[in-house]
Structure formats: C-alpha cells, structure tokens
Amino acid sequence: MEQSQPTATGTPYGLDAWADYLEHKPLPVRVSILARFRRLLASDRTTLQQLTQLVSSDPVLSLHVTRVAQQLHQRKGTTVTGIQHAVGSVGLEQLGQLTRELTSLKVNPNSMQQKMYFRAIADSLHAAFQSAELCRQRGLPFVEEVRLAALLYGSVHWLLWLHAPLHKQHYQQRVLLQGVDVALAEQDIFGCTAQALGAELGRRWGLPPLTLEALSHTTSPNRDTLQHLHRRAVKDPALGKLELREINQLTQQRFFPVKLGNWLALTTTRGWQSDKALRLLDILADYLSTDRSRLAAQLHQYCAEAARCYHVAGTLSPAAEMIMLPSVTEQPLTGLIPATELKRLTRDGAFPPLMPKPKAAPPSPATAPTTPPVTQPQNPALYQQLLARLNSNEPTFNKPAQVLQVLLQGIHLGLGLPRYALLLVNTQKQQLQCAHSKGLPDTHPLKALALSLDVPSLFKRLSEKPAGIWLHSKNRNALQAMLPEAFTDCLDDGDYALMSVFNRDTPVAVIYVDSLPEHASLSDFQFDQFRLVCAAATQALRRLA
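Numbering (numbering that gives the first Met the number 0), first residue to last: 0 to 544.
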C-alpha cells in the first residue's frame, strides 16, 4: 500500500500527503459557464431544466453542485442519484451562495498546462457520455447515477494538472516517451495511483457512494481478470467455467459501466488505434453483445457529442483523436508542456517540485573487462551441501525463516555472489520491502527500498508466480519501463538478477543479486545456479507447509 512521507523539498509523496495537499485547493469553473450560471439564477424565468442542462454541460460545476447536494442528503441517510437530482436538492438560495464562493478561469491559449486541465475535464465528460450509453443499451435503470459517477471519476486529473503540473509533465514523459505503464508511472511520481488518490479525495469530499465504489482499487479487476474479459470477448473456448462466473459477476456490478467509460476515455485520449484501445473495444462489444465495427461507430458518435457539449477555444478536443492519422514518429504531438512554459512554472515556485532521485552509493572499481566469467561456485562443497539440504525430503526445517537463511547462505557463501538483498513480501499491505542485505554499503538506498505490489511492474509479476529475470545490457532498455523508478534509481551500473520465492501459492520474497564490484556482468552459470537454488527454496517451503 502507499505510504506518505515528509520530504526535505516540501513536495507531497504518498496517498495521504497528496490528499492533504489537494483537498482544499480551488477548482475553478470556466468564466463563460460561471457567468451564464449567475445569469440564470438571477432570472425569475429560469427553470430547473435550464439549470440542470447548464450544470451537466460542465463537469467542474457538476462536481461543486454534487458536493453541496450530497452533504444535504447525508444528513437524511440518502444519496444523490443524478445531476438533476443534485440541482433540485440544493435549491436556488444555496446555488446562489455557491456561485459567490466559486472561482473562475479563462483559458490562456499560450498555456499548455491550462489546455491540459480543460482536456482532462473534457475526457471526464466523454467518459460520462460513454458510460450512460452503455447503461442505456444494456437496459439498466440507473443511467443518470452512472453518468454522474463517471463524470466525477477523473476529477483528480483536473486537480493534478492545475496544482501539480510539474508532476503531470513528468508523468506524461514516462508514459508517452518511455512507454511506462500508467499505474506504475503514477506510483513512481506520486507515491500512489491517481485512482487511489481520487478515491481518498472523494471520501473526504463526501462524493456519492457509486463514485467511491468505482474508484476503489478493491473493485478494479486485476491483470488476469482483464485477460479473461478479453478472452471471453474473442470467444476463447479454453476459458473455464470458474473464470466465466467471475467475469459475469463483475460485469453485472453497478460500477462496471463507470469503469468502462473511464477506461475508454482515458485510453482513447492518446489515440483510438493503440493495442490497449483495440482490446477495450473487444470487451465493450462483448459487454453489449454487438458487432465490434458497429460499436466503434457508436463510440465515435458519442465522443463527438461530448466534444460538442464542452468546447474550449484553443484546446484540442478528445474527439479530434478520431480524425488524426497515426504519427509517423514516436514523438507525441500533444500532452507535453513546452520547455519555456516548464521553466516558468518551475521558476514561479507556486507548485511542488519533483521528488529528488536517490543517489546510489558508488561501487568499488570493477576489474578489467578481461576478467573471465564465473563458471563454478566459490565454495563448491558448501554450495552442494546447502543445495542438498534445500532439496532434502527429510524434515530439516521448522520455520520459513530457516529456509531463507540457508538460501542466502547458498547464494553468498556457496555460489559466491558478493551482493544480495532480501525483499520480503507483505501480502496484507501488498508491499515489497528490503529486510536484509549483504555486500551493500550502509548508505545504499536499496536497503531502504519499499515498493507497492498493487501497480503493474516486473515485481508484481514476480509476486504472482515463481520466476526469475536477468537484466543485462541487451535487455535493460526494454525492461526498464516495467520497473519502478524507486528501484532503478537505487541501482549501480552492471547486471543484476531477480527471483521470487513462494510458499505454495503465497509469495514470500524476491531476491536481488549482482556480482559487483568484481564483475560488472553476471555469467550464465551464476544466473542458472541462482535460479536453481531459489527454486529449491520454494520447494523446501512447500514441504514445510
């Protein structure tokens, strides 16, 4: 789980720190919308329908009105079930009071930060349109409740673009330029996912229960469930009955169309032709039991309708992605703040700076490249003795800690790998933390490492089943995007290997090893034996259980 921590630079890091920072930040409404809202409230001829139509056309105004209405409903033990319900619940007097408290913002055509703020708002309106139409086509009775929940789902992105643009810029660079997974990039930069932060802010603001349920990570399908959803969509005959039952239960939940609409809006805002977007189209077509090509035309239509309802001069609508040809270069054309504006935002000091990266302790000078690769254990007799103990069917261990102790002795004293780190898995907190190390300097940042297993990364995959990975010069660039920055920033130069150890189906630890300072590269022999001894430890833990 995410942890909050104070920093010397004053920048928030972690769920609670970011929620504290953003909870009371102003969320301005467009100047034109606020002016029209005030005119309607000042007129005796204004109807509830006119007010509802205006409020529903602006997600920020919808959020403010819903917060006021939900506070009134909570006293009665009820909840807001739609935008019209919210407007009618508040009343003209309190709406007038709200207009006096709201701030406004007129877009600066030279500010990419403000354009992305309005783009994020437009994405939320797009999500609301798509979610409502999914409900309507499924014949579900809670269309307006889903529309409101989908509209508020992405409000955390509005706040982050407005009040943490430096962090959002770094996030865009990680996702658009480096190909890092969205959730992993958020965890690296904020110390939590945007979804978790949105859920915490929603709880503090008292948003409607369906919004909170949709934002909760406990209701989010994991990678396996998403794969099962897609396998059902493509009619995979190998999908089992248990998996189908799990998928059916998920798709029948009230929050599911809220998630689907936002997945679609947040994915297609970067283009409709990505692999992720195309897989999502398969899932949506299966959800509605319709043809994929027909569905794509419908989705494009709803996207265009949402764009017409929220036009901001000078900004690129999410619907524009439908008519833009794929770029011939990998350089994205939208979503990055120009260097001149970025320099101004940094200089102004009005926004929290990025977290400074940890500096790894410099390793000892490596030997010359001509050093021959390691082809045998440092202590063959001891290594074979420890390996035999791990492989023994005799009850030689009483508790898991003894197995891990023998494993580490085999790695260090027997095999001769000079540096290792034992990263224990906390299954309750879904966290990986360094508990013990050998050969690392006292100040090495790897010793203080703590990683979340809630976000997609190589560590999450290692925690799902016993596996090993060797990162070297040939695959480092390809795999770097799958590793948390909190981990890669700790590393020295050179090869390293990771291997997970399990107790039956439960992950126990991930072992890190390298051959520094004597060898910058691991040998095939070292990696093969490292995997062998870790696999033996997993079997020993299985017999112990």
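Be careful, since some hints might not be right.
[As the list claims (entries may be wrong)] Cut-off 27 Å, straight-line C-alpha distance, at most; resulting in silico cross-link-like pairs (DSS-like, lysine-lysine):
id, residue 1, residue 2
1, Lys234, Lys275
2, Lys464, Lys446
3, Lys446, Lys428
4, Lys464, Lys428
Honestly, the hints are just simulated from the structure, not real lab data.
Here's how the hints hold up against the structure:
Of the pairs offered as hints, the one joining Lys234 and Lys275 holds, with about 18 Å between alpha carbons and a cut-off of 27 Å not exceeded. About 24 Å separates the Cα atoms of Lys464 and Lys446, which keeps this hinted pair within 27 Å; it holds. For the suggested pair Lys446 and Lys428, the alpha carbons sit about 19 Å apart, so the restraint of at most 27 Å is met. Taken as a hint, the Lys464 and Lys428 pair is honoured in the structure, with Cα atoms around 18 Å apart against an allowance of 27 Å.
Every hint, counting from the list given before, is met by this structure.
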